[in-house]
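A.B. asks: So the chains spell out like this:
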Amino acid sequence: NAGVTQTPKFRILKIGQSMTLQCAQDMNHNYMYWYRQDPGMGLKLIYYSVGAGITDKGEVPNGYNVSRSTTEDFPLRLELAAPSQTSVYFCASSFRWEGQYFGPGTRLTVT
Amino acid sequence: AQKVTQAQTEISVVEKEDVTLDCVYETRDTTYYLFWYKQPPSGELVFLIRRNSFDEQNEISGRYSWNFQKSTSSFNFTITASQVVDSAVYFCALTMEYGNKLVFGAGTILRVKS
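First to last, the sequence lines map onto chains A and X.
Reminder that position 100 of the first sequence reads as 100 in the numbering used here, one-by-one numbering, no gaps.
Heads up: take any position in the second sequence, counting from 1, add 1000, and you land on the numbering used here.
Hints should not be assumed to be uniformly reliable.
[Unchecked claim] Some chain X residues judged to face chain A by a derived CB distance under 7 Å, without partners named:
id	residue
1	Ala1001
2	Gly1043
3	Phe1047
4	Arg1050
5	Phe1054
6	Lys1101
7	Phe1104
8	Ala1106
The set of hints was computed from the structure by calculation and includes no laboratory data.
C-beta atoms are modelled at their ideal positions from N, C-alpha and C, and glycine is treated no differently.
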């Protein structure tokens, strides 16, 4: 199993550009999550999904959108990138609440 | 609301010292789960342990041990005979029985010097 994979690993965006962070898992987990981690801080939940076709906002959803058309994939869309979105983004998945498996992260810089 | 507090921002120890990382949580739920994750300098998040609210037994795994005390709402993590490879950021986290979200503490930076 590859676990949770994320692409790209690094990205630099200009202010106002858009991009999609990809996340996939091959563990047949129902639950998937997107977090951001700002320097020296813990993780904050952006969006989560409890299954295909179902998504919900987390703590910091503004400026982001998600979709979940399949169990495996959970892309995160940034529209009109802003410097405040410079962060490391982690995708995670879990069966239920037993423990989340995290991807390697995407380091995003918006300049 | 749920909250996790890791009051120790940074701890420095010398190799072979024992070190305890504190975690205090807040929740009104009777069923919940507590976790510890390790984030080494490479950046990935590594799951270390899960403990549910009905299991107050301490857990030991090699040099790692965890002390869960509901009376003080604490879930502390001890590393015995620390090693340089233990240097990382350690996060404590909490979720509810049917919760879909992990609430993370701010993390404790552990530096182990040789």
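A.B. asks: Identify every previously stated hint that the structure contradicts and give their numbers, smallest first.
C.D. replies: Of the numbered hints given earlier, those the structure breaks are 1 and 5, listed in rising order.
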